[in-house]
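Trainee: Protein sequence lines, in the order shown, are assigned to chains A and B.
Each residue of the first sequence is one higher than the one before, starting from -10 at the first, in the working numbering.
Each residue of the second sequence is one higher than the one before, starting from -10 at the first, in the working numbering.
Hints should not be assumed to be uniformly reliable.
A pair holds if it fits inside one copy or across any two, identical chains being indistinguishable in the list.
Below, in silico cross-link-like pairs of lysine-lysine (DSS-like), each with a Cα-Cα straight-line distance of 30 Å or less [what the hints assert, rightly or not]: (1) Lys144 - Lys26; (2) Lys112 - Lys(-8); (3) Lys114 - Lys17; (4) Lys262 - Lys233; (5) Lys(-8) - Lys327; (6) Lys114 - Lys26; (7) Lys112 - Lys212; (8) Lys141 - Lys44; (9) Lys78 - Lys324; (10) Lys144 - Lys62; (11) Lys114 - Lys404; (12) Lys404 - Lys347; (13) Lys379 - Lys406; (14) Lys262 - Lys162; (15) Lys16 - Lys326; (16) Lys17 - Lys324; (17) Lys141 - Lys40; (18) Lys42 - Lys212; (19) Lys114 - Lys47; (20) Lys101 - Lys347; (21) Lys329 - Lys16.
Note that these hints are calculated values from the structure, not bench results.
The residues making up each chain are set out below.
Protein chains: 2
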Amino acid sequence: MNKTINIAVVGLGQIGNYLLNELNTKKKDIEIKTGKKINVVAISAKNINKKRKYKINKKIFFKNPLNILKSKKVDILFESIGVSDGISKRIVETAIKKRIHVITPNKALISKHGDYLSNLAEKYKVNLEFEASVAGGIPILRTIKEGLATNKIFKVYGILNGTCNYILSEMEKSNTQFSDVLKQAQNLGYAEPGNPKLDLNGYDAFAKIRILSALSFNNKISKDKCLMEGIENISLKDVDVANKLNFRIKLLGISEIINGKLFERVHPCLVNKQSYIGNVNGVMNAVITEGNPVGESVLQGEGAGPGPTSSALMSDLLSILRGNIKFPFGIPNIKRKKIKIFNYDNYINSLYLRFEVKDKPGVLAQITNILAKKNISVERLIQIPDVKNKTASIIIITHKSIEIDAQNCVKIISKNKNIIKYPTLIRLL
Amino acid sequence: MNKTINIAVVGLGQIGNYLLNELNTKKKDIEIKTGKKINVVAISAKNINKKRKYKINKKIFFKNPLNILKSKKVDILFESIGVSDGISKRIVETAIKKRIHVITPNKALISKHGDYLSNLAEKYKVNLEFEASVAGGIPILRTIKEGLATNKIFKVYGILNGTCNYILSEMEKSNTQFSDVLKQAQNLGYAEPGNPKLDLNGYDAFAKIRILSALSFNNKISKDKCLMEGIENISLKDVDVANKLNFRIKLLGISEIINGKLFERVHPCLVNKQSYIGNVNGVMNAVITEGNPVGESVLQGEGAGPGPTSSALMSDLLSILRGNIKFPFGIPNIKRKKIKIFNYDNYINSLYLRFEVKDKPGVLAQITNILAKKNISVERLIQIPDVKNKTASIIIITHKSIEIDAQNCVKIISKNKNIIKYPTLIRLL
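The task is simple: from the sequences and hints, build the whole structure.
Mentor: Pasting the structure below:
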């Protein structure tokens, strides 16, 4: 590698723009730490004139990022456009084939095309780094690839979506309905103003959990259908009842190996209020790994926002400048396995069930009978009457039950004429 | 570097012995991840016949570790003897001069001779790695050097001694006196059976905080006298009162930059029970960094024991095998500064004070008068009478006060004839 390194930044949204400023202000620091001078030679975005926090150098601006690779000598390219296909994929592909190192925070791209792109990077002997794609400022990928390198990891899980965690925390803290807190989150810039769906339905956390499992278990990124539920149906009543039962509701991404099979999932969980994960509130992210011999490791930090994301992008940059040529997923692609998928119908777990019923004699017996028939035994039961509306909420915490039995049960009970709305099912951690 | 790497392990106590087993069982995994075959060619310890958990190969045993370097070709040496000078220093020095990479969990050695040894390593172009010296299984040094590489860190603190944290947690949990919990900790192997002094008096945590500051602030390891207090004088009464006031007592190591000066300290702290650090209990360690732009990052994990320590030693090994030649403290030694030391007399903080007094009229007034004269204002005051003994405990939480004023105050009050024993002073976080 030369002493002067040419850099291109493609995509100048919040993150790209912040990064650009970091690159400019930390040149000297980077030279001290790595012996390399960096030089931003090209930038690209959709709109040259968009209002940005930090001024851009219009002399090095390209409307079409692909033209950068045709006309400039670039050593390292930052891709921060952020789509899973299209121009994001095209520019990364083209750069790698021209033996340009690539750094990206694009989880959608990596969780979809990570295997293909890492193969390509290995073939062309360049780095493909994506620390910023999972949990922003928390250096979790580097920790798994390097800090915990020889451990056998069997479970990795955590709070991977700051928007959802903020909404759930705020619902509890200020006793406010989901829809109102969502509006508030949008005003504060924590949730997308237009379409926050990919945060709320669990998709964003899922992309991250797939990247985390690939690193933890050395498997190819899984493509199969999995258990994915968001927080859209969590009501204030659930938050409130959970609270009284000494639980909090958190949207968790979880990946583990069960009997040699891979079980990846994202769904709301009831977690103990005294537990570590139960105390990670607000926009914070946290990732917990369980491995041998290291035991349980926890990493917590800000999961999003241009500052933490830039911190991760810069750590990737320094790693490349220090000359660490590495396999994107820690080991050669040929050694990465395909792990069979665990059938989540067989998942055994305790559940929180909430039934909204007409307050009539015999309703409770009808519910508990169906549960008993399906071998679902009750650990705790709470009935909260709503005298005015002549209805009641029946909340049940079950003993460990088989997922498919519980799902069937809920389906059957939902058809009972005394049930007012489709029951709520939340898994315990 | 050749494809086959010769390794020597010097010191076969709990950690060295566990490491040896890891090296043997993970050979294949290491080859997959790094392309290098490792080969343990020499081991050394005081006693060849000592009973060890894992069998050792006596054919490669050396009584005197220095003879290894005379007769064997070694690429990487593990030093796990663990003293700050003597043979530990000598073997590390000699190895580096022979261009052998060194990996060590020896915090006493690094906190005392780290500057000299890292200079030497830089000169001879080898790695000196010591991830395992701070917080065992938590990859905190790598995270600061790499994951947070371009952040400006201004504070690093945490629970760095598992023994102390276990004792304090257990005192609260089982309502047991310090001395009894200590015995229990010794029986469980959490505290040295012979002389646990270096854990209890804060020395162990101090060595770690000095290494952490050197990495966080790019300074030479400080040698100056600092604020260091252990947990030997924490009584069950303090634990209990703290609990009622919604606090927990934790032994913290803290390093921060105040007005451009370095303030390193280790002492018990009253921390909020709802805070993150207030919920790290038992033998767990946790390190929190505050930096820009990343914000607050938390790492938590098992801080000691052969498993977590080996995990860190192995991560250092993989880093070397992957060919990452790095400055031991992240930047060239010549760029590491000497930072002036903050005079802790000027430290401004809230305090918890406990006075044991004779239960006579006017005593409280005497105490509060002296406090008022020294400008120490009271935020909360609790008096707990002990009717049987005609004594009382007066507990005061102060507003922010200057350290030296508070110390003087306590000295003056301690001479009052109504004071039964020297007052207790614990700082709030």
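Trainee: Could you run down the list of hints and mark each one as holding or not?
Mentor: Against the structure, the hints:
Taking CA atoms no more than 30 Å apart as the test, Lys144 paired with Lys26 passes between copies only; the shortest distance there is 28 Å, against 40 Å inside one copy. With identical chains, the CA atoms of Lys112 and Lys(-8) are at most 30 Å apart both within one copy (24 Å) and between copies (21 Å). Within a single copy, Lys114 and Lys17 get their C-alpha atoms as close as 28 Å, and across copies as close as 23 Å, so both meet the 30 Å cut-off. When the C-alpha separation of Lys262 and Lys233 is checked against a cutoff of 30 Å, the pair qualifies both within a copy, at 10 Å, and between copies, at 19 Å.
Only between protomers do Lys(-8) and Lys327 lie at most 30 Å apart by alpha-carbon distance; the minimum there is 28 Å, versus 40 Å within a single protomer. Taking the shortest Cα distances, Lys114 and Lys26 sit within 30 Å of each other both inside one copy (22 Å) and across copies (22 Å). In this homomeric assembly, Lys112 and Lys212 come within 30 Å of each other (Cα to Cα) only inside a single copy, at 23 Å, whereas the closest approach across copies is 50 Å. Only between protomers do Lys141 and Lys44 lie at most 30 Å apart by alpha-carbon distance; the minimum there is 22 Å, versus 46 Å within a single protomer.
When the C-alpha separation of Lys78 and Lys324 is checked against a cutoff of 30 Å, the pair qualifies only within one copy, where the shortest distance is 24 Å, while the shortest distance between copies is 40 Å. Within a single copy, Lys144 and Lys62 get their C-alpha atoms no closer than 43 Å, and across copies no closer than 40 Å, so neither meets the 30 Å cut-off. For a Cα distance limit of 30 Å, the shortest separation of Lys114 from Lys404 qualifies neither inside one copy, at 59 Å, nor across copies, at 74 Å. In this assembly of identical chains, Lys404 and Lys347 lie within 30 Å of each other by CA distance solely inside one copy; the values are 13 Å within and 73 Å between copies.
For a Cα distance limit of 30 Å, the shortest separation of Lys379 from Lys406 inside one copy, 15 Å, qualifies, whereas the shortest one across copies, 70 Å, does not. In the homo-oligomer, the alpha carbons of Lys262 and Lys162 lie at most 30 Å apart both inside one protomer (13 Å) and across protomers (17 Å), since each shortest distance falls under that limit. In this assembly of identical chains, Lys16 and Lys326 lie within 30 Å of each other by CA distance solely across copies; the values are 19 Å between and 40 Å within a copy. Proximity of Lys17 and Lys324 under a CA criterion of 30 Å is satisfied inter-copy only: 12 Å between copies versus 39 Å inside one chain copy.
Within a single copy, Lys141 and Lys40 get their C-alpha atoms only as close as 48 Å, which misses the 30 Å cut-off; across copies the closest is 27 Å, which meets it. In this homomeric assembly, Lys42 and Lys212 never come within 30 Å of each other (Cα to Cα): the closest approach is 38 Å inside a single copy and 43 Å across copies. In this homomeric assembly, Lys114 and Lys47 never come within 30 Å of each other (Cα to Cα): the closest approach is 32 Å inside a single copy and 43 Å across copies. For a Cα distance limit of 30 Å, the shortest separation of Lys101 from Lys347 qualifies neither inside one copy, at 46 Å, nor across copies, at 73 Å.
Within a single copy, Lys329 and Lys16 get their C-alpha atoms only as close as 46 Å, which misses the 30 Å cut-off; across copies the closest is 26 Å, which meets it.
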